[in-house]
Amino acid sequence: MANFYKDNADLKFQFSNSLMERIVELKEDGYKDYGKYDYAPKDLKDALDSYDKVMEIIGEIAGDIIAANAEQVDIDGPVCKDGRVTYAAGTQKNQEALINAGVYGIALPRKYDGLNFSMVPYVMAAELVSRADAGYGNIWGLQDCAETIYEFASEEIKNEFLPRINKGASCSMDLTEPDAGSDLQAVALKATYDQEKGSWFLNGVKRFITNGDADIKLVLARSEEDTSDARGLSYFVYDKNWGGVTVRRIENKLGIHGSPTCELVFRNAPAKLVGERRLGLIRYVMSLMNGARLGVGAQSVGISEAAYREALKYANEREQFKKKIIEFPAVYEMLGVMKAKLQASRATLYETARCVDVYKALNALVTPDRKLTPDERKEAKLYSKYADMLTPILKMTASEFCNQNAYDAIQIHGGSGYMKEYPVERLYRDARITTIYEGTSQLQTVAAIRYVTNGSYLEMIKGFEAQELKVSEEVEAAYPGATEKLQAAKAKLVALTAQYEEAVGMVVDKEEEYIDFQARKLCEMAAFIIESYLLLLDSQKSALFVDSTEIFTNKTESWNTERYHYIKNSNPQVLLSTFKNVKKDLEIIYKD
Amino acid sequence: MSKEFTIVVLAKQVPDTRNVGKDAMTPEGTVNRAALPAIFNPEDMNALEQALRIKDKYPASKVYILTMGPFRAAEVIREGLYRGTDGGILLTDRRFAGADTLATSYAISQACRKLKPHIIVAGRQAIDGDTAQVGPQVAEKLGWPQITYAEEIQEITEDKITVLRRLERGIEVVTSTLPCLVTVHATAAPCRPRNAKNVMKYKYARTANEEKDPANEGKYLISTEEKPYLQITEWTVDDVGGDENSYGFAGSPTKVKKVQNIVFKAKESKVFTSSEADIDELIGELLANHEIG
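Note that the protein sequences, when read in sequence, are chains A and B. Residue 241 in the numbering used here is what sits at position 241 of the first sequence, and the numbering runs on without skipping anything. Residue 1246 in the numbering used here is what sits at position 246 of the second sequence, and the numbering runs on without skipping anything.
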């Protein structure tokens, strides 16, 4: 009898964030659905109470059903036969439970049978599900595709596809091909319009498609003949009932076994165009991709939580030298750092979700008779920018932290952790993909570096710095001395900001290749400071985060100082040629 | 042809005896209800699932939860609404209090006479008393056939029900005429989760007494005038009628003589048939062991 929502006070805390009022107000748009739908809220209090109650349902399903099935799903995995995929038995049960609970389509408007929830509870559900089984988290998370349909497709397509999501129709987004991975501009799957039949048809191959045998697919395809770049790509929706797509095989992966990764063959598969031609990659996939990255952030936090709990439990149960191993500084130090990384990732996850919420909810208000006011437009632009800034650092750091936590969780288990008997080895395998898919950490750096060089991250940090530190009475009562700790953390962050500025100054005016060379380090420096500040903000309202703020700020100091010295000691001319030396080793490797 | 069935699920709010701590019993030997969270009796959940499956198949059917207890037991009815029932009735009255299984089944059978269901489903037994008596006694009082230890209601027609029973040495498939009472075993399918839309719709559902409770002040954001389906029905002795002396303490011949801890020592089970001779032997044995007296 586990409830992954109720056993974690950090989650409910998210609903008390001051931005939630604005988000719910925008999502509910004057509570106009009340009276029209019997499950629509009457006011803010009612809406937040509904978030809480629905999270309880998902927390219970995650704790009692999905987590209980995870081990067997990892062993069984899905099966591919005659071009179709069958989920593992446990996955089917997970799916059935969430469909019966009516929580699919959680973020869709009510007129499409959705719950009209904001991103914060949506992302939280992804975290809960991923803590139970990260592989299943993908199947849950792919309902993101419905968001894309909702935002960009015609009313006809929306009415045809969206109401099916709540009933449990599964989704996939078919982007990658054998020769188009990180570089999606190279997509070659062909879309041709048949005038006679009045329909588009898809032909070609897709690879590494998560949940590839889904009921509803979004497919990136080349609709414009004689093109070879992004401008020739359009986005299509495909219904499994139309036929024409078969699964050639499913991949044999290191982890996330519950999630079928498929190679697909399209043979004259009928499809409908989403939005406008040529905007497939440029607009729609980019939008979907940001949502998917937020999803991987949630998945990473879920895995981090699971790893931290397994490690904590084991450290408390295992005795060596007549003592519980948790009593040894070498062990509890690791646990403290794990928790700090977990809570910093979570703070970033929900801050990003809130920013996405504000601008998306504002944009959703727009109709032919309702334009945004100048103030609203400004607000939407601001939060859209924050979301774009935070998404890559969330994806990069949360996924790296979850790998570190899974690694440390095994370390705390010692030899037992290396054995299949304990869940940590599965967590370790499941964690590994998070830094890779939906854009590798290296590609997140490509997305983030512009905010380093144009000063946006610095501006965001300075904004945090300008806010007066106000520790609430409840925090002081629950954690005497919190104020001093948080003041010290803030002083440290001010100094680290100066250090970051200096490091940026050493790189920003150099040649592009050198900036790319140092980009990861600079982005991480900014990310760690921002994440420390987010923890600091939460710590002023809840004692839950005070210790992690102190630990994470201290770690930021050491991580950033290392990066600072590395950059300071780098000589652009010598460095680039030094690293190019690795190419010489190729001559040895390919000698024969 | 569409069939419509009225199904009553007997459910009980019980202390969660599955996670018993040191403070589970009072020094007087009674259950310390404050230390144990109140939950939906687990096998009643299995029963609810069987009822909801009939409704899945025949959507025009109605499923109601019937429960007896203090007004906080309305929680059981809400849990049903969250999972897809059409409503529920709480039997609550001081005159019902102190009931043993006999008085309880009398009250429930009286309520069922009023509700006139085609089928009554109940959990095999409740985890607080473990008697497994209330279901069968209700059937007896109504003069209905009963099928106990059900694992699955396999088929239902206008006048017949087919049920798979889980027995000690295997399974048995039996058919009965309707109306019929079925008690459901823990090996039956687990109950479906709460449904998000139902939770949001019914989270403010309450009985009149809950609404009057000062502890619930400000809790119900939506009035029952505005949404009448938020009103959960309460019935008293006056609503169900019958013989006053058959309710509550007055109607309860059971007297608790002593409470003691027991450790199961017997390794083998012994089978008694329903023959007079076997029943005499069983009673004789229990008397000799001071199990009853």
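These are calculated hints, taken from the structure and not from any lab test. Some clues are possibly wrong.
What the hints assert, rightly or not - Result set (DSBU-like, lysine-lysine): computed pairs, CA atoms no more than 30 Å apart in a straight line:
| hint | chain 1 | residue 1 | chain 2 | residue 2 |
| --- | --- | --- | --- | --- |
| 1 | B | 1227 | A | 53 |
| 2 | A | 42 | B | 1212 |
| 3 | B | 1022 | A | 167 |
| 4 | A | 32 | B | 1022 |
| 5 | B | 1201 | A | 45 |
| 6 | B | 1062 | A | 93 |
| 7 | A | 45 | B | 1022 |
| 8 | A | 313 | B | 1219 |
| 9 | B | 1255 | A | 111 |
| 10 | B | 1022 | A | 111 |
| 11 | B | 1022 | A | 324 |
| 12 | B | 1057 | A | 6 |
| 13 | A | 53 | B | 1258 |
| 14 | B | 1055 | A | 167 |
| 15 | B | 1116 | A | 93 |
| 16 | A | 253 | A | 42 |
| 17 | A | 555 | A | 470 |
| 18 | A | 111 | B | 1062 |
| 19 | B | 1212 | A | 53 |
| 20 | B | 1022 | A | 36 |
| 21 | A | 462 | B | 1219 |
| 22 | A | 12 | B | 1201 |
| 23 | A | 36 | B | 1201 |
| 24 | B | 1055 | A | 53 |
| 25 | B | 1057 | A | 32 |
| 26 | A | 323 | B | 1057 |
| 27 | B | 1022 | A | 322 |
Pair hint outcome, residue 1057 of chain B versus residue 32 of chain A [Cα-Cα no greater than 30 Å]: 34 Å, violated
Straight-line alpha-carbon gap residue 45 of chain A to residue 1022 of chain B, limit 30 Å: 38 Å, violated
Hinted pair residue 36 of chain A and residue 1201 of chain B, Cα distance within 30 Å: 12 Å, holds
Pairwise hint evaluation, residue 53 of chain A against residue 1227 of chain B, where the allowed Cα distance is 30 Å at most: Holds, because 20 Å separates the two Cα atoms, which is no more than 30 Å.
Distance restraint between residue 462 of chain A and residue 1219 of chain B, which requires alpha-carbon spacing of 30 Å or less: 42 Å, violated
Given pair status - residue 324 of chain A, residue 1022 of chain B, alpha carbons within 30 Å: 25 Å, holds
30 Å Cα cutoff - pair residue 32 of chain A, residue 1022 of chain B: 51 Å, violated
Pair hint outcome, residue 12 of chain A versus residue 1201 of chain B [Cα-Cα no greater than 30 Å]: Distance of about 21 Å is within 30 Å: holds.
Straight-line alpha-carbon gap residue 53 of chain A to residue 1258 of chain B, limit 30 Å: 43 Å, violated
Restraint status (C-alpha distance of residue 1212 of chain B to residue 53 of chain A at most 30 Å): 24 Å, holds
Restraint status (C-alpha distance of residue 1022 of chain B to residue 322 of chain A at most 30 Å): Roughly 28 Å between the alpha carbons, so the hint for residue 1022 of chain B and residue 322 of chain A holds.
Hint consistency between residue 1022 of chain B and residue 167 of chain A [alpha-carbon to alpha-carbon, up to 30 Å]: Given pair residue 1022 of chain B, residue 167 of chain A is violated - Cα atoms ~45 Å apart, limit 30 Å.
Going through the hint list in order, the structure does not satisfy hints 3, 4, 7, 8, 9, 10, 12, 13, 15, 16, 20, 21, 25 and 26.
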